[in-house]
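Undergrad: Following the hints, put chain D in place on chain R, whose structure we already have.
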Amino acid sequence: GDSVTQMEGPVTLSEEAFLTINCTYTATGYPSLFWYVQYPGEGLQLLLKATKADDKGSNKGFEATYRKETTSFHLEKGSVQVSDSAVYFCALTGSSNTGKLIFGQGTTLQVKP
Amino acid sequence: GAVVSQHPSWVICKSGTSVKIECRSLDFQATTMFWYRQFPKQSLMLMATSNEGSKATYEQGVEKDKFLINHASLTLSTLTVTSAHPEDSSFYICSAYGLSGNTDTQYFGPGTRLTVL
Chain R
68 GDSVTQMEGP VTLSEEAFLT INCTYTATGY PSLFWYVQYP GEGLQLLLKA TKADDKGSNK
128 GFEATYRKET TSFHLEKGSV QVSDSAVYFC ALTGSSNTGK LIFGQGTTLQ VKP
Chain D
2 GAVVSQHPSW VICKSGTSVK IECRSLDFQA TTMFWYRQFP KQSLMLMATS NEGSKATYEQ
62 GVEKDKFLIN HASLTLSTLT VTSAHPEDSS FYICSAYGLS GNTDTQYFGP GTRLTVL
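Residue numbers (my numbering), protein chains in the order written: chain R, 68 to 180; chain D, 2 to 118.
In case anyone wonders, no lab produced these hints; they're calculated from the structure.
There could be a bad hint or two in this list.
Some chain D residues near chain R, calculated using beta-carbon distances under 10 angstroms [unchecked claim]: (1) F35; (2) S44; (3) M46; (4) L47; (5) S96; (6) Y98; (7) T106.
Backbone N, C-alpha and C define an ideal beta-carbon position, used for all residues, glycine too.
The shape of chain R in the complex, shown without the other chains (with noise of 0.2 angstroms):
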């Protein structure tokens, strides 16, 4: 069946640094990809999204590109604040587009001041 692999947290990096989550996925057909973001407390929230191949999600300064030739969804930012600690899911929807979602085990980023 369709899975998602996410790299095992936490991850602890400085302010300003560079962030790379890794995300491979399983599925048979064309899925949609998510990276979704929860908050100390909160409820998941939409990060970032791409529905086909080479696609780019961006938001936040946060990007990945759906890359279908390694079945890979990598989580990229440029520079790290505090305010971006949350735990992150990487996702997928599969073709037959019911909205029904498969998560990744999540990937916690601490950053310190």
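TA: What follows is chain D alone, placed relative to chain R:
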């Protein structure tokens, strides 16, 4: 934009009692609502898919008689944990899915923390 609310945000109950959690979408008609369960420091596990006016579809391993889901309208779905036990303690999250304009959109609720004593 659309907001999905959950009520209550947290609940503590005694073992053996039932607890109802509401999920409401505001300014957004959700043709489908999803219910997830999240264990501490773990990912979200999909429990069931709820379509308005029809029976919920449960994921493998989820007891439908224990987790009763009702999707009464396009803006309200409820999850009832029946005869709750300590192992049911968890963070329950709903999401509302539907069309916003011409775009498939999904919004998540803030979650409900259930503690069963």
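Undergrad: All hints, please: hold or fail.
TA: How the hints compare with the structure:
1. F35: 7 angstroms, holds
2. S44: Nearest chain R Cβ about 4 angstroms off; hint holds.
3. M46: Nearest chain R Cβ about 8 angstroms off; hint holds.
4. L47: 7 angstroms, holds
5. S96: 8 angstroms, holds
6. Y98: Holds - the Cβ of Y98(D) comes within 10 angstroms of chain R, reaching about 4 angstroms at its closest.
7. T106: Since chain R brings a Cβ to about 9 angstroms from T106(D), closer than 10 angstroms, the hint holds.
The earlier numbered hints are all upheld by this structure, with none contradicted.
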